[in-house]
Amino acid sequence: MTLTANEPSTSGTAGDTAGDTAGDTSQPLTAQEQQWVDQFMDETTLFLGPDPAIMRSHQITSRSAYEDECISKGVDPIKVDRIRKRLAGALDEGYEMCEAMGAAPGAKWGDLTTAIYTAEGDVTYLSCHGVIAFSAILHHPIRYIMKYWKDEPTVGINPGDGFIHNDARYGNVHNTDQSMIMPIFREGKIIAWVAATIHEGENGACEPGGMPSGSETPFDDGLRMSPFKIVEKGELRRDLLTFLQHSVRDPKLQLADLKVKIGAVQRIQERVDSIIDEVGVETFVAALRVTVEDVEQEVKRRISELPDGTVSFNQFMDSTLKENILIKFACKVTVKGDKMTVDLRGTGPEILNRAINSPLCSVKSMMMQAILAFWWPDLPRCTSAMSPIDIISDEHTWADAGYDAPMGQSLQASFRGFSALQTAFAKMQFSNPEKFSNVLAPWFNQINTFLWGGLTQHGDQVGNLCADLNGMGGGAKAFRDGEDAVSPLFCAMADTAEQEVMEEEVPFMQLVSKRIVRDNQGFGKNSGGMGYEMIVAAEGTPMWGFMTVTSGSKFSSVTGMFGGYGCSTTPLAMVKGINIYDIIRKDSSKFDLSMERIMNEQPYEGGKYTTAHMGLQFDVAKDGEMYMIAQGSGGGYGDVLERDPEAVAKDLELGRISPKVATSIYGVVWDPETFVVDQEATTQLRHDSRQARIARGKPYKEFLEGYVKTEPPKDLLYYGSWGDDTEELTATHFTNNGPERVKATIDKLPLIMLPDRREVKISALEDRIRELELKHGEVVHRKS
Amino acid sequence: MKRISVDIGGTFTDCFFAWEDQYVEAKALTTHHNLAQGFNEALDLACSRAGLDRDLVLKEVDSVRYATTLGTNALIEGKGPRVGALVTHGFEDTIPLSRGRGYGEGLDPSKQQNMPDATRPDPLVPRALIRSVKERINSAGKVVVSLMEDDVRTQVRELVDGGAEAIVVSLVNSTENPVHEQQILEIILDEYPAHELGAIPVLLGSQVSGRKGEYVRATSTIVDAFLHEIMFHALGQLSNNLRTSGYDKPMLVIHNSGGMAQSNSTDALQTIHSGPIAGVGAAQHLAHSTGLGNVISTDMGGTSFDIGLVPEGGVKHYDFQPTIGRWLVSVPMIHLLTLGAGGGSIASYDRIHHAVQIGPESAGSDPGPACYDRGGLRPTVTDADLVLGYLDPDNYANGYIKLNKKRSVYAIDEVLADDLDMDTIQVAKIIKNAVDEQMAIGMAKELRVRGYLPEDFTMLAYGGNGPLHACGIADHAGIRRILAPPFSSVFSACGAGNMKPLHIHERGSHVVLYNPTDRSLYQSYDELNNVIQELEAKGKEDLIRQGYDAADIRYSLEMDMRYGNQLVTTAVVFDINRVSGVADVLHLIRTFSDIYGKRYGAGSQAPEAGIRAQTVRVSSYVDGDVVKFDSIDSGHDRTMPAPVGTRQVHFVKIDGAVDTPVYDAEALHHQHVIHGPAIVTTENTTYLVEPAWRLEPTSQGAVWFLKD
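Chains as they are written, first to last, in my numbering: chain A, 1 to 784; chain B, 1 to 708.
Just so you know, the hints here were simulated from the structure itself, not pulled from any lab data.
Heads up, some of the hints might be wrong.
Computed footprint of chain B on chain A; a stretch qualifies when at least three of its residues, placed anywhere within it, have a C-beta under 8 Å from a C-beta of chain B [as the list claims (entries may be wrong)]:
| # | segment |
| --- | --- |
| 1 | 81-88 |
| 2 | 252-259 |
| 3 | 373-386 |
| 4 | 433-446 |
| 5 | 508-514 |
| 6 | 588-602 |
To give an idea of the chain A side of the interface with chain B (calculated C-beta under 10 Å), a few residues [stated by the list, open to error]:
| # | residue |
| --- | --- |
| 7 | A103 |
| 8 | R301 |
| 9 | K650 |
Part of the chain A face toward chain B, derived, beta carbon under 8 Å [stated by the list, open to error]:
| # | residue |
| --- | --- |
| 10 | G74 |
| 11 | M97 |
| 12 | E99 |
| 13 | G102 |
| 14 | C128 |
| 15 | G263 |
| 16 | D294 |
| 17 | V295 |
| 18 | D460 |
| 19 | D484 |
| 20 | V486 |
| 21 | V501 |
| 22 | I584 |
| 23 | L772 |
| 24 | K775 |
| 25 | G777 |
All residues carry an ideal CB built from backbone N, CA and C; glycine is no exception.
The following block holds chain A by itself, in its conformation from the complex (with noise of 0.2 Å):
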């Protein structure tokens, strides 16, 4: 029998230690003994790690006796109202605060929000900016601090005071961004908390940026910080201050944006505290309370109006930035009544030594920036959005990580848990009478943007983003195109910015900086929105280095709607060994620059071209060496065989489509000169392309019978549930025998982590050289 304590949180290694004895022969403890336990664990705490308890529910807390007590005195749904919209002011004037004031790209972009937030952590209102997904995550800090250090005798909560926290296992969207939240007090009485969170980007990991592909650790994501208190009584302590600027490689960002959040945070304080010196303590703990209730009953209404049902999406992520594997995020939401049930069993294994890895907060997070971006864009953005839906989710799987995975790209699982939602609403709202936003085919879910870092032409050390990770492809709707690279999943009105102002800052170009890629469309009766082409290189800098943290180049996992196409599938690809400003600079008629001419003509002498997945870490960038990337498009909607052929014509003239893919894919006969359509000629090759299609058609049966099988092909990296049983995951781990596949379920699975993929390749080229040494007759003594 293992001894453990009561409270989960208190441990040694927290996460692992929940009191589940199930299975266990022995007799169960007597309240007395297991005080004993539990004094003896308190007594022997090695640290406060996150605490299960607080991390696993995404549900708003039950009404506390004081809110109770302040709701029994009556609640006029005007006067809340009336709160409501001025609180609404206050966090907007902080949000445009930090906008303006904030040094981080992320800030600049829109990539925060200011919330204010119940006594127990529910978030009231959020913003009406920014992002939405942090209005299902910052409850876990607040209910940690409140938990444990309200009564702390060495941390304590008074007036003034401000924690500062990033880390994702205690609450966060990802590591990257970073919090400072502030009580706000009333007769000796915490009564809410106001906070304001950015992405800062840098944040110390292995590689600059913030969010780093190469992370094997947790120790590589860079600075984990459990929430504590920096500012003690308004004033910000300068040892702590030290130590973070200490930490990372932008000591200006760090201490700028901190001393943002606190002028932010203070000034909507001000705000909150003059509508409680207004309308009296007790109204307005009841109006944060009756907002939060006000929204789940809604969210309960609107679940209840959709038809029930089950609808199943599985996404596959086709690289863990290193290397190739197919990992599974498994997701089936199923709605009765007005429950509704988001089912994750079948997700694949966490993966040890990867950074795809996810803690559930941060999926859920994203799954929140669905429901109130894409479904229910008219909702107040309250932690009761997603309090009436059930997550089940095996602790363990990439998608709910442990607290021993590295998470530096956590959005690799979390974005598919809002892919997930976004396109099954799709299914489940198509029928209803009443909707509150379009259906819409998913919308591009990756980053793909260059990180960078090195020492500036300015001489600064800098690490962080281009900005046009902001550029994901709109899914097509059902009545018109999407919009080309036109905003992140996670936040309206972001940016793409401006390339003259990045450039005076940084010392590369982008030589090529927003062309539409050809092709690159979710093909459909309505095209997903398109994504454009990147090319950079470096200039002037004794160091510097790019970096890329994309999946999905082999394998998209952004899915067509109703019949429409998924996302076209782009390579990174490289130029190495040439410097493009010195060729560029002798012969103009050189700088005619695209990823498919430069590849497919490889025009540079002497240079290496190369392609890759978008997984790149951290790369030393020498003097006009070539980088590009291309952002990725929405999924199209509806047969492409609907299309209007016009629209066809328009693309192909503006050279957004090859013509094989008019031809070959949208069926589609025009004049070569002037791009008018054949009618005729287009009605008869689509009436073709109809019959050839019922022509390759099957029985479903016999579909069934000739593609499905048993388990996924033996080379391949599979990582996940097959078919429709949820229960066992299939995964290759690497034994000192090499791989062995097994199949068991979570709890059974050994440990998985992959190999060094330079010791792999170094591997191979010895047993390679040793096989040519044989060949040869050399003969070669090695000492080891």
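Chain A is fixed; fit chain B onto it per the hints.
Then chain B, alone, in the frame of chain A:
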């Protein structure tokens, strides 16, 4: 001073006419087919009111000044030529992609947030008319790829063959080095000489904006090209009208920078929103000349609520990347916040919170509020105002619109009263209170984010619905003094009468005043002074071209500054024009720090992260005659005038109807005081004096609303 100032709006053409010390207001309906007709009508009315002969007036006035929404309307209606654009290779889709966020520019936040509905507006330049040329200049202005003449000729011909009627050339980093843009201009002129029939207007990005940002500069240039022709013809029409009427001086056009210039020195882009901005200018002059202190100007019309900031001490707030229509542009424009709340804002039931939502939808003027009887079925703010008894159904909008109260009652009952389980009056009060508070929140936020407190401000209220809602808005915002200003019915036109000839030139710069990496202060004084001198020379040239004396020209140096890598910069006006040593550099740093600390709170400054100037800007201007405002004192002994009648009116904080006295503004003078609740009717609007407020008429038609 003898002067005619006109504000040509969407509905009315307002005229403010100054003849020595006599000031006259006049209005006429705008005649969109020929703006000169409306102008003539308004001027005739003004002359007749002044007892003067029109020809004499036009012969003797020192200037005729126009503020116009013409460009704004043309942009909304999409009326303009086919514009083609030449851009840098690799940036072919920069314009259509509009920084991603272009789908939401100019929309209400609730629409911006609705991502599944994101749809970009129809482009001003179709993608088929965008061509790239092989060239590249780096951020320091050095040529990386030289321009190829043959390549340029090919691309230009393709644009012309494609039907381009105007060409915009907007290349990357052309603000740092415009050589390629200028070379392209020469090539185009060579291909299509200006003297030939059908010559194509060519606009260069570097001439339109000196600020970094390839997208906003291109868009600014495109908007300019798009509006160029229509503005040219409309202004020409007005100018010819004046000339044939005996006016032989140049016509002056009001700019959104807060200045003005002759039409030959005016870009179309500079005229956008010039009417409302002239109103802010009037507020500034009024505040300065009468010692009003901090002023916030508010103009509440049928569909929007425009807010302008006029803090004491002459601080001007600009938007450097304003949104015009649906387009983000780069032009230094006097800051104007427009909230989508007005008389036409629709009230709807919020089922989530069992409350009332005001806007963002507006009934506009067509169909308009339910009471307009033009088919509107949803209740609006104006319907609530009518139900509460604030409006006279027979005398609304100068009597042009008759109101039907039954329609208002029906709309409120149908849409709201049943769900809220309230009677019509209760709901109407909620609507009135909600819209007042909503505007107060927007106004207060606007002040606070700039470091001001609402209670330190006087609110100027004008526009059709302004004085009706002013007390309610001020109550919520904590403001105790409201002034319906002199000449309020033509206040923007009055502002046009005060504008100075002004030209603003700016240039993106990389001035590191403090470098934290090597802990050094700026030392390249000559480099900075040369930039300032260059910008002053441009302003001087503009003003001399218009006939002003070089000796009368004044300059003001401004810089957009930031700490560390902040993107958003703070505009700082300096009291020096040259930098010649450490003392000057530290002076610049201190000035920035003071302004920043005031705006964002003491201690928010982060000089440790570095101090940079991103843009250097010089305002060149000439002082001139201005409208003389009389003293607008309040207080002293006053008497209560006799009302012309009473009306049953409902107020938010009073149960039941109040038998409220109604006064005629014509009969009031500056010895009177009216204690609320009261209603005062004027030719153009209604003054609602709420309980605990009093109205005190003062000079030149102005009235004070003062909190008891």
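We went through each hint and held it up to the structure:
1. 81-88: It holds: at least three residues are needed, and the segment 81-88 of chain A offers 6 whose Cβ sits within less than 8 Å of chain B.
2. 252-259: This one holds; 5 residues, not fewer than the three required, reach chain B with a Cβ under 8 Å.
3. 373-386: holds (count 6)
4. 433-446: holds (count 4)
5. 508-514: holds (count 6)
6. 588-602: holds (count 5)
7. A103: 4 Å, holds
8. R301: 9 Å, holds
9. K650: 9 Å, holds
10. G74: 14 Å, violated
11. M97: 6 Å, holds
12. E99: 7 Å, holds
13. G102: Given a least distance of 7 Å, the restraint on G102 of chain A holds.
14. C128: 5 Å, holds
15. G263: Holds. Min distance 4 Å.
16. D294: With Cβ-Cβ at 5 Å, under 8 Å, it holds.
17. V295: 7 Å, holds
18. D460: 6 Å, holds
19. D484: 6 Å, holds
20. V486: This interface hint holds because 5 Å falls under the 8 Å limit.
21. V501: Status holds, d = 5 Å.
22. I584: This hint holds: I584 of chain A lies near chain B, its Cβ roughly 5 Å from the closest one there, short of 8 Å.
23. L772: This interface hint is violated because 45 Å lies over the 8 Å limit.
24. K775: 49 Å, violated
25. G777: 54 Å, violated
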